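Visitor: Given chain R, put chains E and Z in place with the hints provided.
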Amino acid sequence: MSTTATTAPIFPSFEQVVQGFAGQIGQLREMAPKPTLSDAVRVRRAIDTLIAETNADEAVWLESCIRCGQCTTACHYFQATGETKYAPMRKMNLYRKVYQREIGPFRWWYQLVTREVKLKDLEELQELVYDSCSECGRCTMVCPMGIDTASLVHHQRSALVAAELVPPELAALRMEQKHAGTVFGASADSLRKMVDTIREKAGVIIPLDKERAEIMVLSSAVDLVGNGNGLLATAKVMNHLGVDWTVCSDGFESANFGLLSGDMSLWKKQVDPIVAAAQRIGAKMLVIAECGHAYPALRWNPMLKSDDLPFEMMYMSEYLGRQAKAGKLKLTPLKGKITYHDPCKTGRRGGAFEEPRAVLKAMDADFVEMPANKEYNWCCGGGAGIFLLERATRLRDESFKIKMEQVNITGAETVVVSCASCRLNFEAGRVKNHWDRKVESLVELVAEHLIEDPRTVPINPAQGVSA
Amino acid sequence: MAKETTLGDLLRSQGVSRRAFLQFCTTTATMMALPAAVIPSMARALEQARRPSVIWLSFQECTGCTEALLRSHAPSIESLIFDFISLDYHHTLQAASGDAAEKAREQAMHEHAGEYLLLVDGSIPTLKGTSTIAGINNLDMLMEGAAGAAAILAVGTCAAYGGLPKAAPNPTGARSVEELITDKPIVNLPGCPPIPLAITGVIAHYLTMGALPEVDHLKRPLAFYGENVHDRCYRRPFYDRGLFAETFDDEGARKGWCLYKLGCKAPETYNACATIKWNQGVSFPIQSGHGCIGCSEPNFWDKGGIYDSVPMAQFGSGPKIAVAGAVGVVAGAGAALLARTKKHKKEAELHADE
Amino acid sequence: MSLLDFARGPAIHWALIILVAGTIWRLLGVLVLTRGADLSRPRDAFGNFKGYRTVFSRAWPSGEFTTATRYQTGMAYVFHIATLIVVIGIVPHIEFITGLTGASWPGLPNAAGVAFGIIALASLLALILRRIAKPAVYCSNWGDYFAWFVMAAPLVTGLMAFAHIGPRYETMLAIHILSVALLFAWFPFGKLMHSFWFIFSRAQSGVAYAHKGVRI
Chain R
1 MSTTATTAPI FPSFEQVVQG FAGQIGQLRE MAPKPTLSDA VRVRRAIDTL IAETNADEAV
61 WLESCIRCGQ CTTACHYFQA TGETKYAPMR KMNLYRKVYQ REIGPFRWWY QLVTREVKLK
121 DLEELQELVY DSCSECGRCT MVCPMGIDTA SLVHHQRSAL VAAELVPPEL AALRMEQKHA
181 GTVFGASADS LRKMVDTIRE KAGVIIPLDK ERAEIMVLSS AVDLVGNGNG LLATAKVMNH
241 LGVDWTVCSD GFESANFGLL SGDMSLWKKQ VDPIVAAAQR IGAKMLVIAE CGHAYPALRW
301 NPMLKSDDLP FEMMYMSEYL GRQAKAGKLK LTPLKGKITY HDPCKTGRRG GAFEEPRAVL
361 KAMDADFVEM PANKEYNWCC GGGAGIFLLE RATRLRDESF KIKMEQVNIT GAETVVVSCA
421 SCRLNFEAGR VKNHWDRKVE SLVELVAEHL IEDPRTVPIN PAQGVSA
Chain E
1 MAKETTLGDL LRSQGVSRRA FLQFCTTTAT MMALPAAVIP SMARALEQAR RPSVIWLSFQ
61 ECTGCTEALL RSHAPSIESL IFDFISLDYH HTLQAASGDA AEKAREQAMH EHAGEYLLLV
121 DGSIPTLKGT STIAGINNLD MLMEGAAGAA AILAVGTCAA YGGLPKAAPN PTGARSVEEL
181 ITDKPIVNLP GCPPIPLAIT GVIAHYLTMG ALPEVDHLKR PLAFYGENVH DRCYRRPFYD
241 RGLFAETFDD EGARKGWCLY KLGCKAPETY NACATIKWNQ GVSFPIQSGH GCIGCSEPNF
301 WDKGGIYDSV PMAQFGSGPK IAVAGAVGVV AGAGAALLAR TKKHKKEAEL HADE
Chain Z
1 MSLLDFARGP AIHWALIILV AGTIWRLLGV LVLTRGADLS RPRDAFGNFK GYRTVFSRAW
61 PSGEFTTATR YQTGMAYVFH IATLIVVIGI VPHIEFITGL TGASWPGLPN AAGVAFGIIA
121 LASLLALILR RIAKPAVYCS NWGDYFAWFV MAAPLVTGLM AFAHIGPRYE TMLAIHILSV
181 ALLFAWFPFG KLMHSFWFIF SRAQSGVAYA HKGVRI
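Protein chains in written order, with this note's numbering: chain R, 1 to 467; chain E, 1 to 354; chain Z, 1 to 216.
Bound conformation, chain R alone:
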C-alpha cells in the first residue's frame, strides 16, 4: 500500500493489519464462552426469542415462500458453491417451523404433524444463519414475493444467541463488548493513545472529548488496534472542512457485536452511550466511521426513535458525499480507472448509493460501475461478521471470486470500498488470490487527495469549545 506508506509511514499498512487480525481471530476461538444452560433451556429460549421477535411482517414473509428457487442464484454463497443447503429459502425453514408450531394460524395442527425443534436442529442452523448469510439482502431483489430473507436470518441469529450457539469468534467478541465494553481490547485508553500518536507522528490534531461540538465522529476497533489510518484520514478531512468536530472517548466505537451476533439488548447497550454523548455535547451531526454494520446499528436502528434526537446520523461516505456535492471538498484528480463496491449495509440495506459516487466524481475519477451495482451489488462475502469466522473461510473465498470477476469486468485498477469489514475481506482475498488490483478506503482516498489551503489551519480544541 504505497499510498498510505507515503503519507503515514509510521503506521502499518492495511495488509499488515489484515495479517494481524488473523492472529487475533485465532485467539478469539479459544476465548469463546462455553454453553452454561441445559439443552432443554437453550432450545426453549431460542423458540421464545423467535416468538417474541415475530410480528406480522415476519409471519407474512415466512408464509409467502413458494420455493420458486430464484433466490438461489442471487445468493453469492449458493452461486459460489452450488450447494443446495446455502439456498436463501432454506435459511428460513427452521424459523418457519417454529412459527408454524408456535404462533401460526394453524399451530394446533402443526403441533400434531411436525416434530419439535431439537438442539441439534439449532446447531445445524448455525452454519446457515452465521456462516452462509451476510444478510446482504440480494435475494430480496429477485424474490417474486419480495421476502426479506436477511431480516428473517437476523431473528434466527437472535434465537441462537439465546441458545448459546453463537459461533466462537462472534461469541467471544460479544462477551468482550458486553462485559468490558471493548472490541479487540480497543478501550478509551487505546483511543487516547492513538490520538496522541497521530498528533505526534503525523502532526494532525484530533479534538478529543470537546465539551461542545457540532459534529461527533465515531471510530472503530479495526482502526484503533490496526493502523489508525482511518482515524488519521478522518481527522485530515474534518480539519480540511474546518468544521467543529470531536471524538468522544465515552462513545466512539462503531462496531456493534450486539447487532452482528443477534443480541438485541447488547445492540441497544452499545448504542445508548453514543447517543448520550452526542446529546451531551450538543452535536447536530453524528458521523459514523467506515464500519458497514454501524450504519444499520445507529442510523437504521429500529429501536431508536431518531426523529426525537437533536442530531442527524450519517455514514462517512454519506457525509463526504454531501460535502463534495456542496463543493466543500477541494480534491486533486484521481489517476487511473476505479470502481466502487457498495457495502451491503450502507448500500442495498442502507440507501447510501449516490453520496460515495459524488465523492469520486469530485475527484474527477475515471469511474466505472460494476455490472451488478447499487441495489444489485454482489456482497464481498465477508459481511455481517462472516469475515471473523474461520469455519466460513471456504465460503468467503469462493464467493469473493464473484466479486473479483465483477471488478475485473470493469477493468478498474482500484476498487474503492467504504466499510472496514468489506475492506478486510477484499484485502485478504487480494493477497490470497495474488489479485493485481488495489483496494482503497473512501475516506483515506479523500484524505490523500485533499488540496490543502495554506490559509486553513486546523481548529484547535480550545477554539472549538469557545465556538
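You may find that some hints are simply not true.
Below are the DSS-like pairs computed for lysine-lysine, each with C-alpha atoms no more than 25 Å apart in a straight line [claimed, not checked]:
1) K118(R) to K342(E)
2) K85(R) to K97(R)
3) K284(R) to K269(R)
4) K268(R) to K128(E)
5) K97(R) to K342(E)
6) K305(R) to K50(Z)
7) K330(R) to K284(R)
8) K255(E) to K118(R)
9) K268(R) to K337(R)
10) K374(R) to K50(Z)
11) K337(R) to K374(R)
12) K268(R) to K345(E)
13) K305(R) to K438(R)
14) K268(R) to K178(R)
15) K120(R) to K97(R)
16) K269(R) to K255(E)
17) K134(Z) to K85(R)
18) K134(Z) to K401(R)
19) K219(E) to K97(R)
Derived CB-CB ranges, DEER-like [stated by the list, open to error]:
20) D39(R) to R215(Z): 16 to 22 Å
21) A45(Z) to L112(R): 32 to 38 Å
22) I81(Z) to Q27(R): 40 to 46 Å
Here's a subset of chain E near chain Z, in silico, CB distances under 8 Å, partners left out [to be verified]:
23) K103
24) E268
25) S309
26) V327
Simulated from the structure, these hints should not be mistaken for laboratory data.
Since this is a predicted model, take the numbers as computed values, not measurements.
Glycine is no exception: its CB is placed at the ideal position from the N, C-alpha and C atoms.
Guide: Okay, now just chains E and Z, sitting in the frame of chain R:
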C-alpha cells in the same frame, strides 16, 4: 285374439306391406347396433314368432308411457307390435275390468309361468295402502308378477329409477323395480316418457334373439341409451362456437343456438332423442326450443332446477358461505390475538431473564 | 347419489366452505399479529409510501436477474394467464360462477378454451420438469409437488371431460369437479395462498427498504 297367429299374419291382415315390415326390421336392427346380416333372420324370426304373453303392471304412474306409445298421429309399426303381443293384462287398455281383469292376469301368470314378459310402468310405493289395484298393494302385485316372469322391462323413469314419485321427500316410500327385484333379468327403459322405439326395439330383440339386449351400468339398452344427447344434438356446433341462447326469447333462442345456459341437461343425459326424435322423427324437446331436462337419468327431478345449467353447483350457497367466512374471521383473529398474548408473555419472560 | 351429484353437491359445497373459512382464518391469523415498528427516521419524510410500488414493480424481475429467471418467470406467466383465462373464460366455468354469485359474462369458444387449457397444462409441466431437473435450486418439499398436483388435476380432468377421454362424460365431469373441490379445500393450507401473500409480502419489503431510501 287368436293366440296362435304369427306376427307376419297379423301384419298382413292389418295391411302392412312387406317393404314396410322389412324397413321396421332394418330400423330396429340398426338402432340396436346389430349387424346388417341379422335383418333377414330378424324378419324371419319376427314373422314366425308366436305371440308372447305380456303382463303390463302400472303402479304410481301418469300413463304417459302408455300414451306415448299409443297416441302417435297414425298407427305405427311400433304400436302394431303391441297388437301382436298377447297383452294379457294392462288395466288402462284392457276391456275387462274388476274381477275379470284380475282373473286374466292370474290366468296369464299361471299359464305362461316362467315365460311371460313383465312390463312395469310407475314406481312402487313401499308404504302399504298408498296405491292398490283391486285391493292388492302395488308391491305385492309386483312381487307376485315378477316371480314367474322370464324378464322384466321397467318402462319409464318411474319404474326404472323411481321417477317423480320417488322425488324428495318421497312420501310413499317409492322404489324402482330394480331396487325391489334382484333375481330376474331387468332392462330399464327410462324416459318421461321413454322413446316408443326403445320399448318395441327391446321386445323385438327379445323375440328375435331370445335374449335381452346389451345394457349400460344403469341397465339401459346401449342401443338407445348409449349416446349422450349433447353429442348428437344438432345445436352442438353453437355450443362449440360459444353461441348460447341466454333467455327463451332472445336472438340466440330465435336463431336456434345452444340451450346449455338455459339449463339443458343434454351433456349428462343418455338417450336417443336427438337421433330418433319423437312423433315419427318430427322433433324433440331441444328442437322445439326447450333444453333437455335429463328425464332418462336417475333422480333427475332432484338434481336441481330444470333451468340450472349443468355446471352449477347444487346448494343454496349464500348463507352457508357467509357462516364459513364468519368462522374464518373468528378463528383467524382469535388465533392471532392468542399469539399476540403469547408473544408479549415471552417478551416479558426473556426480559426478566436478562 | 351418483358421483356427479356428490361432486356437484356436498363435495364442492364443503370445499367452498373450507376455502372461505380457511383462507380468512389464515389471512387474519397472520395479519392480525403485532406490527413491528421501525422507529428510525425515514430517509424521506413521505418516502415510505413509495415502497408500495414494489407490489407492482416486482411483477417482473429486474434485468439483473434476467438470465437466471426468464424461463421460470415466462412459464409462470404463461401458466397463470392461461389458467385465469380457462377459469373465467369458458362457459361451464362462467355458469358455475354465475350459480354461485349471480355474475355473468360472455364466454370463449370451446376451441379457445381447449387451447388455453393445453397451454396452461404444458407450462405447468414445463415448470415441474425444471423443478425435478434442478433439485439443488428448488429444495422442493412434498407441499410443492402436492400443490402442483392439485393444480394440474383440474386441468387434466377438465380437458379429458371435454374431449370425452376416459370414463363417461358425467363421471369425468364429476371427477373434474372433485379435483376442483380438492384444489379449493387445499388452497388455504399450502403455498397456493401466495395469491394473497404476494401483495403483503412485497408491500412490506418495499416499505422497509423505501424507509432507507432504497428502491427494490
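Visitor: Decide, hint by hint, whether the structure agrees.
Guide: Hints, verified against the model:
Restraint check for K118(R) and K342(E): satisfied, since their Cα atoms lie roughly 21 Å apart, inside the 25 Å limit. Between K85(R) and K97(R) the CA atoms are separated by roughly 17 Å; this keeps the pair inside 25 Å, and the hint holds. Between the alpha carbons of K284(R) and K269(R) the distance comes to roughly 22 Å, so the proposed pair stays at or under 25 Å and holds. Our distance criterion of 25 Å between C-alpha atoms is broken by K268(R) and K128(E), whose separation comes to about 87 Å.
Restraint check for K97(R) and K342(E): satisfied, since their Cα atoms lie roughly 17 Å apart, inside the 25 Å limit. Proximity of K305(R) to K50(Z) is assessed by CA-CA distance (about 21 Å); at most 25 Å being required, the pair is judged to hold. For the given pair, K330(R) sits about 23 Å from K284(R) by alpha-carbon distance, which is consistent with the 25 Å threshold. Among the hinted pairs, K255(E) with K118(R) is inconsistent with the structure: their alpha-carbon atoms are about 72 Å apart, more than 25 Å.
Between K268(R) and K337(R) the alpha-carbon distance is near 41 Å, which puts this suggested pair outside the 25 Å criterion. In summary, the hint linking K374(R) to K50(Z) is supported, as the alpha carbons are separated by about 18 Å, within the 25 Å threshold. Annotation: proposed proximity of K337(R) to K374(R) holds, straight-line Cα distance about 18 Å (limit 25 Å). Under the criterion of a C-alpha separation no larger than 25 Å, the hint pairing K268(R) with K345(E) is consistent with the structure, at around 21 Å.
Distance hint between K305(R) and K438(R) is unfulfilled; the C-alpha atoms sit about 40 Å from each other, more than 25 Å. Annotation: proposed proximity of K268(R) to K178(R) holds, straight-line Cα distance about 11 Å (limit 25 Å). About 14 Å separates the Cα atoms of K120(R) and K97(R), which keeps this hinted pair within 25 Å; it holds. Between K269(R) and K255(E) the CA atoms are separated by roughly 83 Å; this puts the pair beyond 25 Å, and the hint is violated.
Between K134(Z) and K85(R), the direct Cα distance comes to roughly 13 Å. Compliance with the 25 Å bound is thereby established for this hinted pair. Proximity of K134(Z) to K401(R) is assessed by CA-CA distance (about 24 Å); at most 25 Å being required, the pair is judged to hold. For the suggested pair K219(E) and K97(R), the alpha carbons sit about 55 Å apart, so the restraint of at most 25 Å is broken. In this structure the supplied range 16 to 22 Å is violated for D39(R) paired with R215(Z), their Cβ-Cβ distance being about 45 Å.
In this structure the supplied range 32 to 38 Å is violated for A45(Z) paired with L112(R), their Cβ-Cβ distance being about 48 Å. For the hinted restraint 40 to 46 Å between I81(Z) and Q27(R), the CB-CB distance of approximately 60 Å leaves it violated. Hint status for K103(E) relative to chain Z: violated, with the closest Cβ pair at about 43 Å, above 8 Å. The beta carbon of E268(E) is positioned within 8 Å of a beta carbon in chain Z (closest approach about 4 Å), and the interface hint is therefore held.
Because the beta carbon of S309(E) sits about 4 Å from the nearest beta carbon in chain Z, less than 8 Å, this interface hint is met. The closest approach between the C-beta of V327(E) and any C-beta of chain Z is roughly 5 Å, which is under the 8 Å cut-off, so the hint is satisfied.
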